[in-house]
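J.: Assemble the complex: chain A is given as a structure, and chains B and C must be docked to it using the hints.
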Amino acid sequence: MPKNKYLLLASSLGVLALLMVSAVQENFLKEWRKIQSVGMSDEGSIDVRLRQVINPGLRVTDRCVSCHVTMGAGEGSVRGAKVLVAHKAVVHDPTEYGCTVCHGGQGLATEKADAHGDVHFWPEPMLPARYSYAGCGTCHAPLNVPNSESYRRAVAAFERLDCYACHRVEGKGGTIRPDGSGMEGPDLSRAGLAGYDRAWYSRHLSKMETAPLKAWKASFAPVTEADQQLLGVYLSTCVGASKLVEAKSAFHTAGCLGCHKVSGVGGDSGPDLSRAGEKDPALADFAHVNGPATLANWQAEHLRSPLSIVTGSQMPSLGLDDRDIDQLVFYTLSLRRREVQGNYVPKDRMRAQRFGEREFSSDGGTVYGTFCAGCHGLAGSGIRSPGLASFPSIANPDLLERVSDQFLEDTIRHGRPGRRMPAWGDIASGLKLDEIRSVIGYLRVLSGAGHKPESAAARWVKGDPAAGKALFASTCAGCHGASGEGAEAPALNNQVLLNSATDTYLVETIGRGRRGTVMQGFVDPSPARRTLSPHEIESVVAFVRTWEKKGKP
Amino acid sequence: MSTAGPPPPSRLDPEPVPRRDILGLAAMFSAAAASFFALVGMLRMPKAAVLSSPSKRFKAILPDNLQAGEAFVPPGRSVALFRDGEGVYAISTVCTHLGCIIKPAQDGFECPCHGSRFTGDGSVKRGPAPRALPWLKVSHTGGNWIVDEGAPVPPGTKVQA
Amino acid sequence: MTPVSPPPESLHEFLENLKAAPRHIYETAFRSGKPATDRSRSTFIFGNVFLHLHSVRTHRWTLRWSTTMGLGIITTSAFLITLITGVMLMFYYKPFPEAAYDSMKDIHFVVPTGRFMRNIHRWAANVMVLAVILHMARAFFTASYRKPREYNWLIGLGLLVVTLGLSFTGYLLPWDQLAYWAITIGANIAQSPREVTDALGITQYFDPGGLQKLLLLGSDVVGPEALIRFYLLHVMILPLALAALMGVHFWRIRKDGGLARPADADKRLGPPPAGTCPIFTEAPQRTYHLAAVVRGKTPAVNNGPENTVPAMPHLFYAELGVFMLTVLICLALALVSDAPLKELANPNIPENPAKAPWYFLGLQELVSFSAFMGGIGVPAIVLLGLGLIPYLDRETEGTGEWFGGPGGWPLVRRSILLGLGSTLLVETLVIRFGWLREWFPTIPQLIITAVNPATILTTIYALYSLWLIRKYRSTRAGALGLFTCFLCGFLVLTIIGTYFRGPNWVFYWSPGDWPKH
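Protein chains in written order, with our numbering: chain A, 1 to 553; chain B, 1001 to 1161; chain C, 2001 to 2517.
For reference, chain A alone in the conformation it holds in the complex (with noise of 0.2 angstroms):
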């Protein structure tokens, strides 16, 4: 039947020019196979085949370097194409460690887009050039970072004393010796990772000694107490990713684990970011966001104004410029998370995880900077957002110079249950009773308030709760609520806040507000709203006491 013979011969021809067209795209048409056609290396031109790094320590399969091949193990250097150049001096020989560890990207693959993880369903897109260091918070988490304010006099207290004259840190500085042994000082790069000699200014001191000329002898020393202090926290912070510990101070500035957890440390209001920036942008939701649909500009305008990303949320709108707002989001990349084998582990998670060192320092201002500042403002002012409870402002000189620290402590401690404020101190992802200690006294610090201690006793006040619940419902009760549970204005029956507020402390606040709050006094006459004499304030106060219930909280 010569239809039948026609049909195979048509087909049989048909399938070997599929096979031509499918060998030709497998021998010649790769991507990779291009590339290296071009790679020439001293030894001429290079042997075209897939390569790979891998490290069973890691898990890593890294088949970047198929095209960026220099960057392979054993490679010497090829020339050819852009791609084909070696990777710039890091700390971690990326043919120990592959590529994907600190980049991103999805390193199984062999061709660019699906490599760099710029395709569906690949989770994990490379990190965009800029935020390269954000790799390092695969495995490690710096240590003892201080808020913006601190990390900046720190770094510039290292240019100011000129210790880049002798010390090199990340490429910057240091001088060589005469006579070609070495560096003059040792290289600081990674002094916070590594240790230095904590007994430094006393060796400076003791070469000040030896040194030939008056030049050199002013070099060594002498060096402040404050400066010294300065210095430690800067070396503490060198851990070889600059940019990224600038990062985390901005994190530590902006108050953020007051309301988010991240390694088991923070508030419960918001969502863990523990791996915040391993987050798939395909689960992302990108209705309201102007620019790339990419993890990284999802969280910029996330920062710039949460409502408008996510609906129903009940972050504050922390009013952040752009220079924060890229620093946030070159932290909150960085928080990603990749097992480990044993000596792959780096010490500074090591003693974050299993030894309970924190990765905040522990003075009062980087304290207030990672827990309060989100809900309680940069200064302490509080913030008021439409459509939310509003936050106290705390760093108030009406507040400070009535409440002692014992006060101050309870408050922090037990929080305000049922409200926003967390119990810092009970619950285990909180604060320790030093560090809570620390904020308070920066608090005083900031806004120069010492307690003025009062003289009467704890609980005095003798008015008519009758009377007072009259004046409470129709003077109070539109901002703290009709039962005192706080609306836009605080709870007063709470029963932290009842248990550790004296009366004085109480009369005293109706009676001369907060400045630069809505809660005017009560005392002075005014246009806008009624005044109340001393006896009405009492019986106010008595009033509010009935919701006090007897006992430590």
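Simulated from the structure, these hints should not be mistaken for lab results. Mixed in with the good hints, there may be bad ones.
[Unchecked claim] Cut-off 20 angstroms, straight-line C-alpha distance, at most; resulting in silico cross-link-like pairs (SDA-like, lysine to any residue):
(1) K2034/C with L1025/B
(2) K1047/B with K2094/C
(3) K1047/B with Q25/A
(4) K279/A with P2347/C
(5) K34/A with A1049/B
(6) K1137/B with S41/A
T.: Chains B and C only, in chain A's frame:
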């Protein structure tokens, strides 16, 4: 039957010589060619294009205090590196008998499997090993020592920094 | 007594033998010689262990393209292609959850021709499922299941089930989100008898659903046990079962006298082409080789053997031609479309919508109304019905004819309209207005199991079929109507399940309307 046509062809008659079936031949030939190419393509598949073991070329960092004649074995590698006045050299620590990994010893190498002994430059002192241990290629590029386990070099090749 | 040859001559003989060895090897391997005579063409076939499953002569009616559309050969070819590419893939695939996905990436990116092989494998599998369904439809519409071919129809049903099983088990192996959640759904469908046993309160005593799921998964969730089980089924148990059933299926074709033909096939074919030798000469010198003399008629006795042609070369050209065509289609599809591979399977992030493979989407649509009916009930009814067809339709009119039997094409045409129309109508009602639980929230589950679009459609088709039986006084007419309705229903439901169901199985006109997370 007088008007019967020619008798129907019978199996007893010799078969007429068939005309060459060009179409059929062409069809079968192209089918065979297609199958052959498909087979060749498929046979390529089991040969792995990349090996899942770490690369044979690797970077080695010699300890500063390595004495002459003292062996340095990079962790996880079957190579012993030496440095003396004439330079750096590498000797394979895979026994030439049956492939056990040998240990550097006092005056050379010792194989725990069947007792082969080698001198400090790899030649066989004693034992079932048939050949000397190969010396491996060492190069110094970009400030690093690169050792290539897959590239043997003549014994005695030492490389200066 | 053998004389001892002088040394030069024995060496000469030795050298002669050595020189002739290649030719002798060929001749001893291929003993039937070139198939240039009818006799050698016959020997070519029945002298070869692989080929002698074929009969020596093929009826010319069988070889017409319009008789079968080559669908059986397409199915077999697709199976061979999946078998070969599957074995190649086995060199690299690792059936453990922590390695499976990465091994798929390796196959795609670094294994030489890996991407091509995998694509071919996946497309050939789809071609096989489609072809087997169309082949079944062809066999039904040409009434080829009639006596003596009833049992072969049952074997064919077995082949259908094993084919679907092969496709389903293979679906899990990539261990990506698509695979994981599709199989999670499949396993829960296996558990759907619980819908009935729970409603009756007897689950703790009698739990076939739980047992089925446990046997399938080896655990209560899709995990390493399920993967290794599915791998075993996919690469060994089911292919062997398929091969065995295929052997029976082809053997039976031969024993049943070839493919079914109309009674007047010979007349319609016309005279054989010039040069075709008659099977029986005017003076037979020999008979066929017979293994034994058996009582009874051979199938060839009452039919005109003159219309058979030697299987070698005619059938082989047909088979090879269709095989190459199938290869061509699979290669072309493999070059233009990659097999899917989504993200790594993540038990914490369900796919939404999580869809079964396309041939089960019609069922999944029904499952959305009642898990039991869609997953177990309707498929069981369908399989039972299909299996009974040859035993209920014992008529003879129209065997071997397309749409043969009372009613013919007009009946089928009307059944298509009814099938499409009724399914679309019921679906529209359900999509627009919801179903019983939306209107009566406290209604017992058993009522919903009994009354839902699946049972409603089945009832409509059954009633239509009974009406046809009465009207035409023919079971075949009823069967024609019923089969056509089910086929159309399957088509509509599959299309709806594929294109119009989005997250949470809500109806959307297009994927653009799906809500984002």
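J.: Which earlier hints can't be squared with this structure?
T.: Those not satisfied: there are none.
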